[in-house]
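Just so you know, the protein sequences line up as chains A and B, in that order. Residues 7 to 369 in this note's numbering are what the first sequence lists, from first letter to last. Residues 8 to 357 in this note's numbering are what the second sequence lists, from first letter to last.
If you're looking for bench data, these hints aren't it; they were derived computationally from the structure. Glycine included, each C-beta is placed from N, C-alpha and C at the ideal position. Heads up, a few of these hints could be off.
[To be verified] Derived pair list, reagent style DSSO-like, types lysine-lysine, alpha-carbon separation capped at 27 Å: (1) LYS353(A) - LYS233(B); (2) LYS282(A) - LYS163(B); (3) LYS353(A) - LYS57(B); (4) LYS163(B) - LYS57(B).
[What the hints assert, rightly or not] Residues of chain A placed beyond 10 Å of chain B at every Cβ, according to the derived structure: (5) ALA146; (6) ILE173; (7) PRO198; (8) ILE202; (9) ALA332; (10) LYS362.
Here are the chains, one letter per residue:
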Amino acid sequence: MTMNSVAKKQNNSSILMRIVKNQCFIPLAALFILIIFNLVADPTFFQILLEKNSAGNNVLNGPLITILDNGSELAILAIGMTLVTAASGGQDISVGAAVAIAGSVILRVISGGETYPETLHSPVIVAFLVCVVVAMLFGAFNGILVAFFKIQPMIATLILYTAGRSIAAWINNNELPVINEPSFAYYGTYIPGIPIPTPFFIMVICVVIIALLLKFTNLRLYTEAVGINESSSRLNGLNPAFIKVMSFVILGVCVAVVGLIKVSRFSTINYSVIAKDIEMDAILAVALGGNALSGGKFNMVASIIGAYVIQFLITTLYRFNVQSDALPAYKAVVIIILVVISAPSVKEWFSGLTKKLMKKEVA
Amino acid sequence: MSQNKTAVSGSFRDKVRNLSDTNLLLTITIVAFFLMYIGAVLFQGEGFLKPQSFFNILNSQAALIVLACGLTLVMINGSIDISVGGVTALVSMCCAVYLDFHGGNLVVSLLIALGIGLAFGIFQGFLVAYLDIQPFIVTLAGMFFARGMTTIVNTKPFNVAHEGFNELKMTRVKIPGLGSTNRIGVYVDAYVEIGVVVALLIVIALFCVLRWTKLGRSFYAVGGNKQSALMLGINVKRTKFIAHLMCGLLAGIGGYIYFLHVGSGSATHAVGAEMDAIASSIIGGTMLTGGVGNIVGTLFGVMSLGTIQNIVASAGLDEAWWIGITRAAMLCLFLVIQSLVVVRKKKSKG
């Protein structure tokens with residue numbers, strides 16, 4: 007082997023290493039495997055058709071559109087969850103229950119307490135703003151427990167997790183209001199004339215806002231500083247408690263947005279089922295994005311890709327007639343494979359192995 | 008210096024100050040439980056005074072006691088396990104299918120339950136302790152897997168019609184002297200189910216293990232401070248592994264007790280049991296940060312949750328949401344108390 011080819015090889019491998027070391031690598035690799043799998047198993051997965059839906063609009067239809075549609079909710083929650091994880095080093099397990107509360111508040115304001123309202127009692131935007139305020143308050147409640155009472159996030163949010171769905175039922179007096187106004191359904195389904203589902207646009211707006219916030223404010227710096235070392239960030243003049251509460255409040259806003267999408271999609275609510283186990287998927291999205299669940303540095307893009315990968319997996323499994331109740335078992339296998347691959351000790355073992363192989367080849 | 012002073016004066020305040028975190032939280036829990044029970048007797052009438060109504064709480068919560076004991080062990084280690092509810096459902100379903108469809112015998116069904124629990128414990132323990140993966144994610148996957156497998160094993164819920172099983176299910180351990188006369192004037196002995204006896208034996212056994220064995224003390228050491236535990240020569244990884252293994256095994260036993268109590272298999276069994284178990288451990292004075300906790304407290308934590316459920320039901324607030332809200336309020340109260348205790352300790356030290 008000439009010197010030249012050895013150098014070339016090293017150069018190649020360093021580029022490869024850089025790609026592998028990138029945080030987006032694992033979710034993208036998972037996405038790639040899923041795409042290949044679908045291509046081999048059933049290429050119609052990638053078919054997109056323009057069809058008339060029940061409301062008489064021309065809309066795009068197909069598994070990929072479903073992923074875009076349902077994955078958006080998860081991506082919005084993943085944004086908030088990434089911030090909470092980075093700042094507090096723990097996860098909020100109450101988002102599913104909080105989405106139920108948010109949806110319930112929107113329906114309560116819009117229906118004015120009637121089960122089958124003839125007209126909207128208030129504009130959707132007013133209902134949404136009320137819901138944002140309520141969701142922010144619940145977020146602040148979680149945040150205060152975490153930041154001022156120093157309770158572990160998972161345990162602090164266990165309170166709202168236990169009570170959330172009960173509170174949601176209580177807000178509407180256990181009624182299930184049904185909204186028949188077609189314009190209310192725009193936010194969760196389609197706006198007439200636009201063939202792409204609205205949740206996707208809402209997700210884009212959320213991503214743009216958070217990207218601008220991360221780019222032009224100190225949000226990223228402060229959040230990471232608090233997550234990496236709380237005491238030293240305090241010594242540097244930050245207020246860790248405030249930043250933690252703020253991350254929970256931002257998650258509250260995300261929850262409110264998802265609540266609007268959810269109730270708009272079904273035009274009604276089911277307190278025990280709405281957004282069930284979505285907290286687990288949101289946490290999974292953050293973990294899949296390679297973010298340390300113990301806080302510190304974070305990569306927002308990787309989390310969002312992670313959210314879509316999870317939805318991709320769910321949609322793929324549904325295509326293979328997997329029952330919705332059996333879905334978690336497959337998800338669990340994927341989680342275990344992912345965490346084992348990305349575990350530090352396994353990584354070390356791997357890199358040791360590849361080094362040995364490289365040496366043999368060179369020799 | 009300060010120790011000498013307290014020993015001499017020995018006032019009540021100093022005694023409280025000298026209690027360890029574990030004992031202080033335990034005391035608070037026990038006092039709160041008795042206050043609650045006395046309050047229930049005073050305001051809700053005679054119903055709560057009957058010994059049987061107390062034993063009924065035990066009967067319905069026996070499985071949760073065992074699950075919560077397992078969680079207490081891993082939480083003392085500074086870890087967490089949220090798969091126990093799923094394992095309970097899986098155990099019930101597997102045993103139900105085995106007994107009903109295949110006409111199996113009871114001993115083997117018990118072995119199945121223990122095997123499932125042990126398998127979960129070993130696998131999760133290995134990933135958490137030796138591969139250093141976050142316990143939350145590992146056991147989340149465990150929960151997903153158990154719940155999914157339950158549906159794959161059998162979709163529809165059904166009651167078990169196995170004769171030997173139903174005999175065991177109806178077996179009641181009578182407690183002499185605590186019975187009461189029922190409405191038609193017949194004296195009925197108070198009773199508990201077999202599950203309660205097993206659960207209480209487990210509580211006693213674990214209490215002894217935690218207090219007097221090397222393993223138990225190393226649980227506290229690892230949870231309190233990993234680094235110093237390592238320096239003391241404790242095998243941190245093995246200790247964590249054993250804690251998860253025991254938790255898995257207890258989930259298997261708890262699952263069987265649950266199965267014995269309800270006598271059916273269903274994918275929706277024990278939904279949220281892991282959160283109830285965590286809540287009970289916290290109310291019982293176990294801290295999620297590790298190193299602090301007590302099995303007896305856990306027992307009282309479970310009983311407190313059961314009692315509050317009964318109070319809400321008998322107060323006529325039978326809308327489902329009241330149970331959720333009152334439980335959450337109680338959890339909130341105890342979390343705040345714990346956090347205040349920690350602050351007090353830090354202040355008195357500094």
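Minimum C-beta separation from ILE202(A) to chain B exceeding 10 Å: can you confirm that? At about 31 Å from chain B, ILE202(A) clears the 10 Å cut-off, so the statement holds.
Taking the minimum C-beta separation from ALA146(A) to chain B, is that value above 10 Å? holds, 14 Å
Mind verifying the non-interface call on ALA332(A)? Its CB should be farther than 10 Å from each CB in chain B. violated, 5 Å
Against the 27 Å threshold, does the CA-CA distance of LYS353(A) and LYS233(B) hold or violate the hint? This hinted pair holds, its Cα atoms lying about 23 Å apart.
PRO198(A) non-interfacial with respect to chain B [C-beta, more than 10 Å]: holds, 38 Å
Within 27 Å, alpha carbon to alpha carbon, are LYS282(A) and LYS163(B)? holds, 20 Å
The output says LYS362(A) does not contact chain B. Does that hold with a beta carbon cutoff of 10 Å? holds, 21 Å
Consistency of the no-contact label for ILE173(A), given chain B and a CB cut of 10 Å: For ILE173(A), whose nearest Cβ neighbour in chain B is about 7 Å away, the distance does not exceed 10 Å, so it is violated.
Holds or violated: LYS353(A) with LYS57(B), Cα cutoff 27 Å? Status violated; Cα separation ~61 Å.
Checking one constraint from the list: CA of LYS163(B) to CA of LYS57(B), max 27 Å. Satisfied? violated, 38 Å
Checked against the numbered hints listed earlier, the structure breaks hints 3, 4, 6 and 9; every other hint is satisfied.
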